[in-house]
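Counted from 1, the sequence shown has number 127 at position 127 by our numbering; the numbering is strictly sequential.
These are computed hints drawn from the structure, not numbers from a lab.
Be aware that a few hints might be false.
[Stated by the list, open to error] Derived Cβ-Cβ restraints for the label pairs, each shown as a range:
| hint | residue 1 | residue 2 | range |
| --- | --- | --- | --- |
| 1 | Gly70 | Leu217 | 56 to 64 Å |
| 2 | Thr44 | Gly111 | 54 to 62 Å |
| 3 | Leu219 | Asp76 | 49 to 57 Å |
| 4 | Leu237 | Arg7 | 14 to 22 Å |
| 5 | Ser42 | Leu9 | 47 to 55 Å |
| 6 | Leu9 | Lys211 | 36 to 44 Å |
| 7 | Gln45 | Leu9 | 46 to 54 Å |
| 8 | Gly166 | Gly212 | 54 to 62 Å |
| 9 | Asp76 | Gly111 | 36 to 44 Å |
| 10 | Pro96 | Ile157 | 27 to 35 Å |
Since we're looking at a predicted model, the values are computed, not measured.
Note that the Cβ used here is the ideal one computed from N, Cα and C, for glycine as well.
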Amino acid sequence: MLRYFLRRLLLLIPVLLGVSVVIFSIVHLAPGDPAEVMLGPSATQEDIANLREQLGLNRPLYVQYGAFLGNALRGDLGRSMRSNAPVVEEIMDRFPATLTLAVLGMAFAIGIGLPLGLLAALKQNTWIDALCSFVALAGFSIPNFWIALMLMLLFSIYIPILPSSGIDSWKNLVMPTIVLGVQTMAVIARMTRSSMLEVIRQDYVRTARAKGISDRLVLTRHILSNVMIPVVTIAGLYFGHSLGGVVVTETVFSIPGLGRLIVDAIRSHDYPVVQGGVLFFALCVGVVNLLVDMLYAALDPRIKAQYRAAR
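Using the sequences provided together with the hints, build the complete structure.
In structure tokens, the structure reads:
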């Protein structure tokens with residue numbers, strides 16, 4: 001198990017390297033000069049040239065990338081062109097808000113989507129199944145930004161019980177949590193329903209019921225453990241997606257998170273913040289996928305046995 005964990009951990013290295021190459025290329029090939037943006041329209045060409053020399057922007061791209069990669073390996077992602085603060089510090093200051101939103105959104109998605117899928121499967125081909133399927137389809141189809149605007153219109157203007165921006169109290173997190181989790185909730189509900197319908201037709205479930213085991217024990221001991229494996233997979237993938245998708249939610253609700261930091265950095269051509277933020281997101285997604293793989297063994301002893309046999 002430890003060998004498998006280390007092997008998967010090593011696979012993160014080429015992934016992060018590829019992400020760094022792609023984001024570095026995209027950022028530096030984008031139109032616009034960060035030196036001109038920083039100095040403003042009244043700056044002279046001499047001032048712009050001096051600033052480019054100071055920031056190293058006049059060096060070849062491969063030299064700039066080599067310096068960026070070497071510093072990143074030492075934990076140094078550079079300094080912000082706007083605030084002159086270390087990029088790592090800015091990321092760490094903003095990341096707790098992003099992580100809080102992602103965790104709450106995933107908790108909402110699992111807390112609603114899992115029971116919804118189970119109920120739809122247990123009540124297959126009834127009006128309850130149709131209603132649950134409709135809710136899941138609507139949650140997956142409606143864009144997140146539209147849901148955000150509708151929630152703000154309803155609960156901040158027509159029924160002013162929730163604030164529309166900021167992160168001062170738990171009330172500020174209610175609407176962003178719903179917006180961030182509704183699409184994942186829909187996917188989990190549909191995945192749970194399909195997995196449940198597949199598992200309950202298996203021979204071991206029929207055998208357990210034939211032995212006189214109660215439906216409750218059959219559900220908790222024989223069905224849910226197998227249903228949870230694909231659900232955990234989807235939850236892990238969409239948790240990483242939530243970390244990246246939180247950009248829209250933070251922008252709409254004016255939450256000072258990492259996603260909004262990257263958006264502001266893109267607007268101001270702050271290359272180090274954009275590169276560092278995207279690279280940090282990629283690292284988080286890789287770690288989440290690694291943890292999901294480790295959860296498989298806890299949910300299914302057969303997977304743990306395969307790990308041991310492969311050693």
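Against the structure, the hints:
1. Against the hinted window of 56 to 64 Å, the Cβ-Cβ separation of Gly70 and Leu217 comes to about 58 Å, which satisfies the hint.
2. At about 59 Å, the CB distance of Thr44 to Gly111 agrees with the hint of 54 to 62 Å.
3. Distance hint check for Leu219 and Asp76: the Cβ-Cβ separation is about 52 Å, which falls inside the suggested range of 49 to 57 Å.
4. Leu237 and Arg7 have their C-beta atoms about 20 Å apart, which keeps the hinted 14 to 22 Å range intact.
5. For Ser42 and Leu9, the hinted distance range of 47 to 55 Å is satisfied, since their beta carbons lie about 51 Å from each other.
6. Between Leu9 and Lys211 the CB atoms are about 43 Å apart, so this pair conforms to the stated range of 36 to 44 Å.
7. Judged by the Cβ atoms, the range 46 to 54 Å given for Gln45 and Leu9 holds: they are separated by roughly 49 Å.
8. Taking the beta carbon of each, Gly166 and Gly212 are about 57 Å apart, inside 54 to 62 Å as hinted.
9. Distance hint for Asp76 and Gly111: a CB-CB separation of about 40 Å, consistent with the stated range 36 to 44 Å.
10. Under the hint 27 to 35 Å, the C-beta atoms of Pro96 and Ile157, about 29 Å apart, fit the expected range.
In this structure, every one of the numbered hints holds.
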